[in-house]
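A.B. asks: Residue-level listing of the chains:
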Amino acid sequence: MFPNVWEWAWDAGHYIFFGGMWYVLAILFLGMNWCVFKAIKDTKAGKGGGHDH
Amino acid sequence: MDSALIPEGVERCSFKRFTLGMIIPAALVIWGLYAAYLCWFKGLNQTNMNDSYGFALWIWADLAVIAVGGGAFFTGFLRYVVGKDELKNIINFAVLVGFCCYCSAMLILAIDIGQPLRGWFIFWHANVHSMLTEVAFCLSLYLTVLAIEYLPLLLENRKLDQVPFFHNLGHNMHEVMAVFAATGAFLSCFHQGSLGGVTGVLYGRPFGMREGIFIWPWTFFLYTWSAAACGPCFTMLSCKITEMITGKKLVKDNVYNLLAKISGWMLGTYIVAKIADTLWWAIVTVPTTGFTFMEFYNNSNNFHGLWILILEIGVCGLLPVAILVRKKWRENSSLFFTAILLAVIGVCVNRWVMVMQPMAMPVMTFDQWVLYLPSWQEWATTILPVAGGIIIIALSYRYLPVFPQERELNPVEKS
Amino acid sequence: MNTEPKETRAKKFGMVIDLDKCTGCGSCMVACSSENNVPVRKDESDKLLSATWIRVYRITNGKEFPDTEICYFPRPCMHCGGKNDDGHSPCVSVCPATATDYDHSTGIVSQIYTRCFGCRYCMAACPYHARYFNWWDPIWPAKIEESLSPDVSPRMRGVVEKCSFCFHRYQKAKDKAYIEERDVEEMEYQTACTQACPSGAITFGDLDNPDHAVYTLKQDKRAFRLLERLHTNPKVYYLSARSWVKRAGDNYVSSEEPTKGPGAYKLEGHGGH
Chain Y
0 MFPNVWEWAW
10 DAGHYIFFGG
20 MWYVLAILFL
30 GMNWCVFKAI
40 KDTKAGKGGG
50 HDH
Chain W
0 MDSALIPEGV
10 ERCSFKRFTL
20 GMIIPAALVI
30 WGLYAAYLCW
40 FKGLNQTNMN
50 DSYGFALWIW
60 ADLAVIAVGG
70 GAFFTGFLRY
80 VVGKDELKNI
90 INFAVLVGFC
100 CYCSAMLILA
110 IDIGQPLRGW
120 FIFWHANVHS
130 MLTEVAFCLS
140 LYLTVLAIEY
150 LPLLLENRKL
160 DQVPFFHNLG
170 HNMHEVMAVF
180 AATGAFLSCF
190 HQGSLGGVTG
200 VLYGRPFGMR
210 EGIFIWPWTF
220 FLYTWSAAAC
230 GPCFTMLSCK
240 ITEMITGKKL
250 VKDNVYNLLA
260 KISGWMLGTY
270 IVAKIADTLW
280 WAIVTVPTTG
290 FTFMEFYNNS
300 NNFHGLWILI
310 LEIGVCGLLP
320 VAILVRKKWR
330 ENSSLFFTAI
340 LLAVIGVCVN
350 RWVMVMQPMA
360 MPVMTFDQWV
370 LYLPSWQEWA
380 TTILPVAGGI
390 IIIALSYRYL
400 PVFPQERELN
410 PVEKS
Chain E
0 MNTEPKETRA
10 KKFGMVIDLD
20 KCTGCGSCMV
30 ACSSENNVPV
40 RKDESDKLLS
50 ATWIRVYRIT
60 NGKEFPDTEI
70 CYFPRPCMHC
80 GGKNDDGHSP
90 CVSVCPATAT
100 DYDHSTGIVS
110 QIYTRCFGCR
120 YCMAACPYHA
130 RYFNWWDPIW
140 PAKIEESLSP
150 DVSPRMRGVV
160 EKCSFCFHRY
170 QKAKDKAYIE
180 ERDVEEMEYQ
190 TACTQACPSG
200 AITFGDLDNP
210 DHAVYTLKQD
220 KRAFRLLERL
230 HTNPKVYYLS
240 ARSWVKRAGD
250 NYVSSEEPTK
260 GPGAYKLEGH
270 GGH
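Chains as they are written, first to last, in numbering that gives the first Met the number 0: chain Y, 0 to 52; chain W, 0 to 414; chain E, 0 to 272.
Derived from the structure by calculation, the hints contain no laboratory data. All values derive from a computational prediction rather than experimental measurement. In this text, a Cβ means the ideal position worked out from N, Cα and C, and glycines have one as well. Check each hint, because a few of them may be wrong.
Unchecked claim - Partial chain E-side listing against chain W, Cβ under 7 Å, derived:
#1 Ile58
#2 Tyr71
#3 Asp249
Working from the sequences, and respecting the hints, build out all of it.
C.D. replies: So, in structure tokens, the structure goes:
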């Protein structure tokens, strides 16, 4: 999972596999952060009183 | 008692009746938890697995729940990526069912491993050549995606929605849901496939082994395809059962029809591919290992006869395809129910065959066929997540607006 | 400082078992269990639950008396080299936590007990049933614990174990040879089963070293390997002059002739690792 683990190898298998994993984690992390921060901003702006979606 | 939590404009049974209805599932959960405790604290000697049957009921249950849970990713893919708008009326329920299925898979895996406290080794010391590693990674990531997809629905609970932050968060999550759904579809394609690869790569086990392309055996693609075909059938089946229990129509027929039609064609193409795969395996692959196709079925302990292949491909394959593809037949409610039920049984039988038969079959000439019957602890822990899923679905249905068409289909005079 | 041993060529340790010499006495099994601290349960009658790193099968030619013939067939771990001998043994390639590994310098398939988390995928992958799961924690009769081998760690419940070709013996021999600045001699590293076999049916050594007995024996025309056609590439060779015994080593579609010997089947097609 990390290059400090002895099984780690700098080869195509590790690039593809862990590249995919970190890419997905980044999408989920950034996506959720965007939602949370925008929600904080919207709440401060006084939105969220009713069903606006 | 809990009326403040119930969505507006819909009717629910009394709290007392609801609680009574939960007694049996709750009892099953307790029974299952006790069995899980025995397995965790006393070890896997509590099961009837042995050195020949290292993969058994639990691995089958894992594969089966993940296959039928495929409804979440494929419905999500159709709704958010392809743009089939009608499916917004069933997507919440598909996500809910998928979430229960994937939670089940994780729970069963946690019981199934001999050293549960070392479960994290699969991530830390990952062997990228192993199909199971790919399964573990994609499975846990996809469960996270499902939790993210389920969260906005949870935030739509009447009380939670009154909190402006939760309301805004839910709204924002709806906006970017297509990204999460696409990520989920990507992950699902891989872990469904990897599960197919689990037995497909076993080149020492002629019954499970398949040829393929690059590092992926054909079963990799067959599993993804069959999950995409049969997953929505399980979503519809669960939805129909919910309708029966609640005595209400919750989803309009045109939604069922659309999903059934897509499932029918997916299942049809899958069955053609499955037949081609079986023929190639039987005629080309198997003889190179020194076996004949019929040896796998004739020579057995009658537990794994040819009947199972006929059941899987014919009764639970071609028959539901015929019903689901033909408009007139799939619009007949009894035929429709039969077809989706058969499709779900079919995919479960397929997973059973791919897990249990390679274990049962001797490979060395002087080896014996082995028979395996699960212990009560195995049954209890397999039923545990099913009962847990029922409770989660029941609670979600009661307190969350899972079905957007419910109000329209079941108008309440006084709200 | 150069820490490499004098000879750096990769070795390929393997075994040749002469089935025509094996009497089925079971000494190899006993020696193996004793050497490797293999636990023994009170009731060992269910062989699907008990661990025997080397197991002696009893096979017959299937004929009625007086034509009945018996062959005892010892089966340790085959330490498969995998397709094309690339180290992707059936079990090594599937282990999700790299708890079993292929050592390219010895050809030995290792098992790291403290790494294994007991998913049993390797057991599903092995067609030889050479892998055993610890369904229980090991319990030895009183005082026996004091006589356990200090060179082999006992295994806890919930992990898989298997024959290691007595790798700890190789480590000892290698250490000694290193200090004396020479390579390990053939007789310095022998497995417990090899040394215990009273009829000398088991020979062990470096399959690639022309000075080792196994190098010549594996080329004997009586030689065959178990399940040759699955391309697992085992490092255990068997010898038998009896055609029915050779035939029992693999599966054949009825019309086929038995294998012509190790490496007789060309590897074709793809599919997995």
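A.B. asks: Next, verify each hint and record whether it holds.
C.D. replies: Outcome of the hint check:
Of the supplied interface hints, the one on isoleucine 58 of chain E holds, with its beta-carbon coming within about 4 Å of a beta-carbon of chain W, less than 7 Å. Hint on tyrosine 71 of chain E is violated. Least Cβ distance to chain W is approximately 11 Å, over the 7 Å limit. Because the beta carbon of aspartate 249 of chain E sits about 6 Å from the nearest beta carbon in chain W, less than 7 Å, this interface hint is met.
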